[in-house]
Each structure stands twice: as C-alpha cells, then as structure tokens.
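Mind docking chain B on chain A? Use the hints.
The primary structure of each chain is shown beneath.
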Amino acid sequence: MFAMTTAKYRASAQTQKDEESIRAFSAVASVLLSPRCLNCHIPGDSPLQGDAQTPHNMNVKRGPDGRGTPAMRCTNCHQATNSSQLHAPPGRPDWRLPPPSMPLVWKGLSVAGICRALKDPATNGGMTSAQLIEHVSDDPFVNWAWNPGPGRSVPPLSHDEFVSRFKEWIEAGAACPKE
Amino acid sequence: MDKTHLTVNGKAVELEIDPTTPLLWALRDHLNLTGTKYGCGIGQCGACTVVLEGNAVRSCQVLVSRAAGKGVTTIEGLSKDRSHPVQQAWLMEQVPQCGYCQSGQIMAATVLLASKPDPSDSEIDDALSGNICRCGTYHRIRRAVHRAAELARKGTK
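Keeping their order, the protein sequence lines are chains A and B.
Numbers 23 to 201, taken from this note's numbering, label the letters of the first sequence in order.
Numbers 210 to 366, taken from this note's numbering, label the letters of the second sequence in order.
Keep in mind the hints are simulated off the structure, nothing from the lab.
Just so we're clear, the structure is a prediction, and the values are computed from it rather than from any experiment.
Even glycine gets a Cβ: it sits at the ideal position worked out from N, Cα and C.
Worth double-checking, as some hints may not be accurate.
Ranges between beta-carbon positions, derived for each pair [claimed, not checked]: (1) Q36/A / A323/B: 54 to 64 Å; (2) D238/B / G135/A: 45 to 55 Å; (3) Y247/B / T103/A: 17 to 27 Å; (4) S106/A / G263/B: 24 to 34 Å; (5) D211/B / L108/A: 23 to 33 Å; (6) I251/B / S180/A: 26 to 36 Å; (7) I251/B / Q153/A: 28 to 38 Å; (8) M124/A / S324/B: 17 to 27 Å; (9) E359/B / S180/A: 54 to 64 Å; (10) T216/B / G72/A: 30 to 40 Å; (11) G147/A / T243/B: 41 to 51 Å; (12) G219/B / E193/A: 52 to 62 Å; (13) S106/A / P326/B: 37 to 47 Å.
Listed below are several chain B residues computed to face chain A (Cβ distance under 7 Å; list not exhaustive) [stated by the list, open to error]: (14) N264; (15) A265; (16) Q270; (17) A317; (18) V320; (19) L321; (20) K325; (21) D335; (22) S338; (23) G339.
In isolation and in its complexed conformation, chain B is listed as follows:
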C-alpha cells in the first residue's frame, strides 16, 4: 500500500492508503476525525467541507493524493476549546438545528473570513451557497458570520 504524508490540524501524519481514496474517508476512517460529515458524496451539499491550503474543499471529491504534502484543517482543528471566533459566534447565535451540515458551514465561513474579514450579506451568501442546510438555518448562519467577524475584530482567539 502507498504511503501518503500530510499535515492534519497541525500534526504530521503518515497514512498507508490507496491514493485514490477520498480525503473524507482518510479523515474519518483512518484518523478518526468524524466531525467532518459524509452528506451526498458527489460534491453537491458541502457537509464534508474542510480547509486544504486555505481553500474550502469538498473532501468527498478531493483524492487524498491531492492533499499529500499539504495542510488540512478540519472542524477539530479550529480550536481545542471551541474558542475560535466562528465556533463562538455559532454558539452565541444558536445556529444549528440538527447540526449535520454545520461543521462544513463553519469551515467554509472560516475560509471566507480569512479573505473577507468584514463580509457583506451578499458575500456571505456567495461564499456559503454551496453548503446546504436542510433545516434552513441560513439566516442564523448569516448572522453568525457577521458575529464571528465582530469577535475576530475584537480579538477573541
């Protein structure tokens, strides 16, 4: 079996894995990082969104070979104590209903805020429209992104 080296949540890992395995399954089944969810499996829903080199990729579509030698951040890597501004904002705005899509929503929001620290409503809509929420929490998601931007400006971790 081939060996793939990548950095996940700041930690170097070596996986004995078929290089055509989707990153999602490398994270969930090989590294036990189950915060990243399997939704549709065809890159249509956004539940499996993780950050790969600053981009909000759909891990069900990304082959683990694309991540070789690169850095991946999952929901588990945002903070050890839920203190990341986006996590805090999600709690303050009580965003989730069932919660299944929310790790993907949060990861996409962190990527947006990295390049747009004070996004407008339409920039939030553009950035997160690939992350579907069957509970329809979109209005709370939008409020939480604004709140996260505010928390980040104030210096919350």
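Next up, chain A with everything else stripped away, as it sits in the complex:
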C-alpha cells in the first residue's frame, strides 16, 4: 500500500517536472521559431532572408562547408559586423549556414520536432546539455539574433530570458511536448 503511494507520488512529481520543462521549452521555441533562427536552420540548400522569410536573393546555396559555393561565399557580402544600411547584409565573423553534414534543420518541424532535434546529439551538432547551455549563452551567432541590424525583428524574448528558460528546460529534464 505504502509502496503504491510512493510510486504514484513519484509519477505525479515526474509529470509535474515534465510539465515545467515543456512550459519552459514553449518559451524557448518562440525564439527558435523567429526568422533570425529559422532563416538559416533550413532543409535543403537555400537559406531564407528577412522577416518575411523569402528565399535568399542571388540563389545562394549552402555549399560543401556551409559557407557558400565558389565565387558565392557568404562572406563575399556578409562582413564581420552588420551593415548600418537598410537592406544591406547583416554580419558577424564567419557568416555561414550549418554544414551539409549537420544541417541542424528546424524549419518545417513542429515544436516537438525541434525539441527532439535540439536534444539529440545526432542532430544538434553533437552537443551535450551543458554545451547547449553554453552555446545559447555565449555563441556570437546566437547573440547576433538580438543585434540583427536595421530592418530585422529580434526574437520575442530578451536574450537573458531566453537563456534562463533554456536552462529551466534542461534542468527540469529537457522534456519535449507530444505532437
């Protein structure tokens, strides 16, 4: 009798923890679904651009290393910093797409699908939970999303709030919503 109660309590506590984790991930997902993230986390080889997420001008392609094709390298136009001009390329050092060997595709996935892709080392660039937290906290590309240059929206949460909700998601067990 006592054992059954303990098991039920544990199950209930686990459910509650999962719910907290999933709630935190919903907030995280609102950032991951922003154009600043999705425009380059794309299936296929052609990135998107702008808040309208239209196909990138110039028939830009991912290329063998994620940095474009011969004579059409990303850094031919994208510099180490944003251009201050409207409609000119945004920038940060080593502008690129994820490489074809690990394309980190989110565009087209459900929130549950992005969650699974993000926590699976086979689809997240081989990162552990600790590395994921470090990545969202400090990676210059992630931080660029909150400083994207003129004419581009920023994600719906502040970077601090995003990192905080990301940690909550991981620390509560990195649960993913059901489809």
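Just chain B now, kept in the frame of chain A:
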C-alpha cells in the same frame, strides 16, 4: 588619419583613410581604379565585385580595414593588354551591352574558374547569380565562361 597598407593588383599601396571606408571608394577615389563600379551600394547587385584573397567580394560592403595587409585584384589587374582568358572570352562572345556590370561579372568568373577550371552550366549559374545584368546578357556570360575555360586550358595567358 589612419594608414592602411594593402596590395592592389600586385602593387603595395599605403592609404591615409578612415578604416571604415568601403574598399570600393578606396579603389575608385584614392587609387583612381574606376573599372570597379558602384551599383547599389548595399551588396545586392555585384557591380563592385573585386577579388580579395581569392574571394569575389562586394567592395561596397568590405571595409578597407578588412583588406589591410591583403591582396586585392581589380579588373585593371587581370592583365595589362586584355589578354587574360576571361577578358579574351568576353570579347570573343561580345558579352557586354551597356557594360556597367561586366567588370564585376568578369571578376566573379575569374574566381569561379580558379576553383572550377571546367564549370558546368549550373556551377556558372550558382557562381554568378549574385551579379545582376540589367541588359540580360546572362546567356552570353555563360558562353563566355565556357570559352574562357577552354582558352585557359589551351594556355592563353
């Protein structure tokens, strides 16, 4: 004013210039290399394409500080007598109409051919789709790139 050192068309140059000046204006206004054209000024058209360390960069977007200590090649640096295979091919195929975009097209083509000596049609399209031609000379450009590849194989300078 800061001094920036770079190599342009094989020649070492020293510029007294604001390091945030676009390379395009360093080339045109400070070095009088006006073959490189100002098109859109926002990295969308390719008219200002030059070669920086083997890459076909948009010189309106590249700050001159990025080129410091590096080598830049402009249309004037391809050859002294228009004998470069890409220039020859452009003449043979009579590519230009108004000509404004063509120095950028040629520079992008030289970068393509350096890494793909015998490019396919789709590789040419991929490489040059960032260079816009309002006259619509794209079919002649594609033919000229194939011709340049052939000339280079035959050993034209």
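Exercise. Should the interface hint for G339/B be scored as holding, given a Cβ-Cβ cut-off of 7 Å against chain A?
Worked result: Hint holds; G339/B Cβ to chain A Cβ min 4 Å, cut 7 Å.
Problem set entry | Closest C-beta approach of L321/B to chain A relative to 7 Å, hint status | holds (4 Å)
Exercise. Is 23 to 33 Å a correct range for the gap between the Cβ atoms of D211/B and L108/A?
Worked result: holds (28 Å)
Exercise. Is the interface hint for D335/B satisfied, with its Cβ closer than 7 Å to some Cβ of chain A?
Worked result: holds (5 Å)
Exercise. If you check the beta carbons of S106/A and G263/B, does the distance land in 24 to 34 Å?
Worked result: Cβ of S106/A to Cβ of G263/B: about 28 Å, so the range 24 to 34 Å holds.
Exercise. Does A317/B meet its interface restraint, that is, does its C-beta lie within less than 7 Å of any C-beta in chain A?
Worked result: Hint holds; A317/B Cβ to chain A Cβ min 5 Å, cut 7 Å.
Problem set entry | Outcome of range test on Cβ distance (T216/B, G72/A; 30 to 40 Å) | holds (37 Å)
For this session: With respect to the beta-carbon atoms only, verify the hint that E359/B and S180/A lie 54 to 64 Å apart.
Result: holds (57 Å)
Exercise. Honestly, do M124/A and S324/B meet the 17 to 27 Å range at C-beta?
Worked result: Hint holds: Cβ distance 23 Å, inside 17 to 27 Å.
Problem set entry | Restraint check, 7 Å cut-off on beta carbons, for N264/B near chain A | holds (6 Å)
For this session: Indicate whether the distance between the beta carbons of G219/B and E193/A respects the range 52 to 62 Å.
Result: holds (59 Å)
For this session: Hold the hint about K325/B up to the distance rule: shortest CB distance to chain A must be less than 7 Å.
Result: holds (6 Å)
Checked against the numbered hints given earlier, this structure breaks none of them.
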